[in-house]
Amino acid sequence: MSDSFKMDNIPFSLLTPQEQATVEASLDLGYYQQGEKIITAGEAPEGVYIILKGRVRESEGADEEQHIYVHYQNEDYFGGWSSLRGRAIHDFTAEEETICHILPTQVLVELIQSNALFADYFQQNFSAKSELVEQHSRNQDMAEFMLSKISSATVREPLVVEEGTSIRDATRLMREHKADCVLARKGGRYGMVTGTDLLDAVVLKEMPLDSDVSQIASYRLVTADPEDYLFNALITMTQQQIERVVVMSGQQMVGIVELTDVLSYFSSHSHVIGLRIERASSIGELKEAAQGLHDLIKALISTGVKIRFTMDLLAAMNGRIIAKLFDLTIPSDMQPHVCLIVMGSEGRGEQIMKTDQDNALIFRDGLSWKDMQATMNRFSETLISFGFPPCPGNIMVSNPQWVNSVGDWTQKLNDWAESCEGEAQMNLAIAVDAKPVAGNQALYKVARNWFLRHLRNNDVFFSHFAKAAIEFDTPLTFFGNLRDKGELDIKKGGIFPIVHGIRTLALEQRILATNTYERIQALVDAGQLQEQNGKDISEALSLFIQLRLRQQIRRVEESDDGFDPTPNLIELHKLNKMERDLLRDALQIVKGFKKHLSLRYHLGG
Amino acid sequence: MIIPRTIRRLQERRVHKNGPWAELFESYSGDEVVSLDCETTSLDVSKAEILSIGAVRIKGQKVKTSDRLDIRLKPPASLTGESIKVHKIRATDLSDGIELDEALDKLLAFIGNRPILGYYVNYDIRMIDKFLRPKYGFGLPNKSIELSHVYHDIIKWKHVGGDVDLRFDTIASKLDIPIIQRHTALGDAITVALMYVRLKHGQAPTSTH
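Listed in order, the protein sequences are those of chains A and B. Numbered per full-length UniProt numbering, the first sequence spans residues 1 to 605. Numbered per full-length UniProt numbering, the second sequence spans residues 1 to 209.
Simulated from the structure, these hints should not be mistaken for laboratory data. The structure displayed is predicted, hence computed values, not measured ones. One should not assume that every hint holds.
[Claimed, not checked] Quick list of in silico lysine to aspartate or glutamate cross-link-like pairs, EDC-like style, CA-CA up to 20 angstroms:
no.: 1; chain 1: B; residue 1: K174; chain 2: A; residue 2: E96
no.: 2; chain 1: B; residue 1: K62; chain 2: A; residue 2: E46
no.: 3; chain 1: B; residue 1: K59; chain 2: A; residue 2: E24
no.: 4; chain 1: B; residue 1: K200; chain 2: A; residue 2: E36
Make the full structure from the sequences, and use the hints.
Okay, structure coming up:
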């Protein structure tokens with residue numbers, strides 16, 4: 001049986017070997033014809049069904065009135081909830097010939113009582129579920145980041161001198177090789193001589209420059225194995241207050257690892273790139289620093305750092321690049337009179353790959369600056385050369401429509417809010433996510449505060465604005481059609497409804513944060529969202545972004561020109577069973593959230 | 001072959017009518033079928049030894065894999081290189097096997113008087129009879145169902161000309177049934193059971209080529 005029933009699939013992988021044996025001994029196989037009802041609404045199912053082969057539809061109502069919830073296919077399980085409750089609320093019908101494993105309710109109940117993790121998975125909500133999955137997929141968290149081996153960091157080749165080399169020669173060699181330590185070989189042993197040792201010997205002990213360097217070496221070397229964790233090397237150095245360890249593979253010397261190398265490895269260059277951005281004194285230097293970002297993103301993702309950390313870090317980096325460019329491009333006497341804002345995903349701090357630049361400039365009413373538009377054009381072009389693609393909707397400062405005085409800007413926001421047109425609503429959605437990155441932030445705040453006050457209690461506006469969030473269908477039933485379509489647009493199906501729905505709620509509550517996660521937290525704090533819902537929505541959004549990102553990176557690497565024409569596409573057959581499960585649950589949450597929005601804003605959808 | 005077995009069964013039934021195994025000879029009235037498969041050392045009944053026996057009950061549309069028989073026997077002396085190549089069972093794999101007598105008791109209790117289903121089921125029945133008869137004085141009296149006949153009866157009306165391909169793997173793929181652990185007794189018994197349920201309850205396979 002074991003090869004037809006996959007115990008490695010969650011939630012069965014959470015069971016102990018004995019429990020798994022119980023499962024294996026209790027499974028039956030059922031065969032169902034196309035169109036046959038496996039579980040009928042209102043009746044008690046036999047147990048939980050795990051599909052060996054085939055496709056099953058979960059639906060409510062009959063014939064034309066039928067509402068399909070979800071499709072299940074190979075390796076998916078269904079009926080767990082129904083059998084625990086003792087009564088099914090939906091119909092489960094075989095869409096094609098289907099063979100299922102059946103785990104009797106009795107056994108399921110026993111397992112839930114004996115195994116808390118398993119029970120959690122069956123009974124808990126989505127965020128608890130994804131946490132469980134995270135704990136169980138070992139290479140998906142911060143720990144992996146800390147589990148790098150010493151051999152993966154920079155192991156430097158040591159500079160070795162023989163016994164009898166004078167202090168003078170040793171120093172000269174160190175200078176030539178740009179090394180800051182030297183190993184002196186005395187017989188079969190190695191001794192370490194650092195720059196500090198040399199200084200102590202010559203200055204404090206006043207030893208002659210011809211003295212044998214092996215006399216001042218310390219032979220109690222602190223060594224590490226190349227297969228040991230880099231993190232342990234760092235701990236050793238901290239404890240012993242030393243700055244380098246010798247890497248020995250058995251009796252063989254491999255090299256030396258220095259404290260600075262370890263530290264820079266852990267900061268994964270982000271620290272270095274940050275420094276380079278700050279120190280850039282010309283556009284050329286800034287450009288070089290900006291190009292390092294792409295590698296940083298890839299490194300962070302491949303080491304499995306949580307997607308939210310990556311986004312935060314990247315938002316900070318991009319912000320610094322733009323601010324620095326602003327510094328370098330805008331004459332300093334003009335800087336207090338203008339404010340550069342970034343909008344859309346950049347404003348929310350939720351971009352990962354470099355997405356389009358969405359930016360605008362707000363200037364003081366009555367400012368006279370002849371070269372303003374020319375300077376802005378130059379600014380946009382430079383950003384493009386840095387690898388920030390131009391905005392297809394031309395929402396950037398090179399477009400005079402997005403360079404406004406405070407008065408004009410508030411007027412524009414107002415006009416958009418009153419218009420029902422799609423484009424105006426789009427512009428507004430982008431603009432309310434704005435975040436000031438450079439110049440005089442007060443200019444931006446004046447406009448924003450006025451606008452938020454203006455919207456107060458304008459129910460018609462919010463009802464209109466929210467509508468976009470429920471416009472696209474939640475693609476839950478795509479799953480069954482895997483063989484025909486096998487892909488879904490995750491932006492329309494999952495990301496946009498969450499981001500826009502939360503944006504509407506936040507706007508109504510006059511929440512100043514622009515980041516979706518922060519907005520969710522603020523909404524929870526304000527009592528507008530239940531804490532559990534907020535958590536679930538956050539996790540769902542993270543999942544969508546993570547899945548999208550992984551597929552984007554793969555497509556970029558597979559394409560010849562490094563360009564992904566379909567950035568929002570999720571190819572379902574590239575997901576494993578667990579990811580499919582989570583994706584389905586996450587989409588279920590989106591569906592619930594959309595329902596909540598329709599009720600709240602009377603969208604009647 | 002068929003006629004002598006029928007006659008012999010009638011004789012044996014008369015002899016054992018009042019014996020401890022009388023139940024086996026009663027005609028079966030339930031809706032269950034037992035799918036049976038043996039792994040043996042050779043395909044020649046007179047020389048072969050049984051290595052393992054797998055059986056599973058079928059009730060309606062369900063293959064009751066939770067209610068199954070998975071017996072491994074002590075390795076026989078004739079376990080040679082040739083048969084190992086087919087079913088990949090080595091002597092060491094059978095080191096915890098049970099004695100043949102115990103296995104036969106278990107098997108009879110499991111099957112009862114239910115019909116026996118198998119792929120080339122006569123071979124399996126003859127193998128078991130070979131060891132059963134000297135000890136109990138009778139062979140398996142059960143009705144037998146040959147999977148390839150069931151398949152052939154359904155497929156032949158749709159098949160134009162030529163012989164129907166009755167190979168195990170072909171039938172499985174035509175019926176779109178996943179093969180579960182090929183060349184283990186239990187795995188083959190389950191696969192055959194699934195094919196049977198599919199033939200009995202599903203629509204006839206559309207493509208025969």
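Subject >> Hint check, failures only >> reply: none
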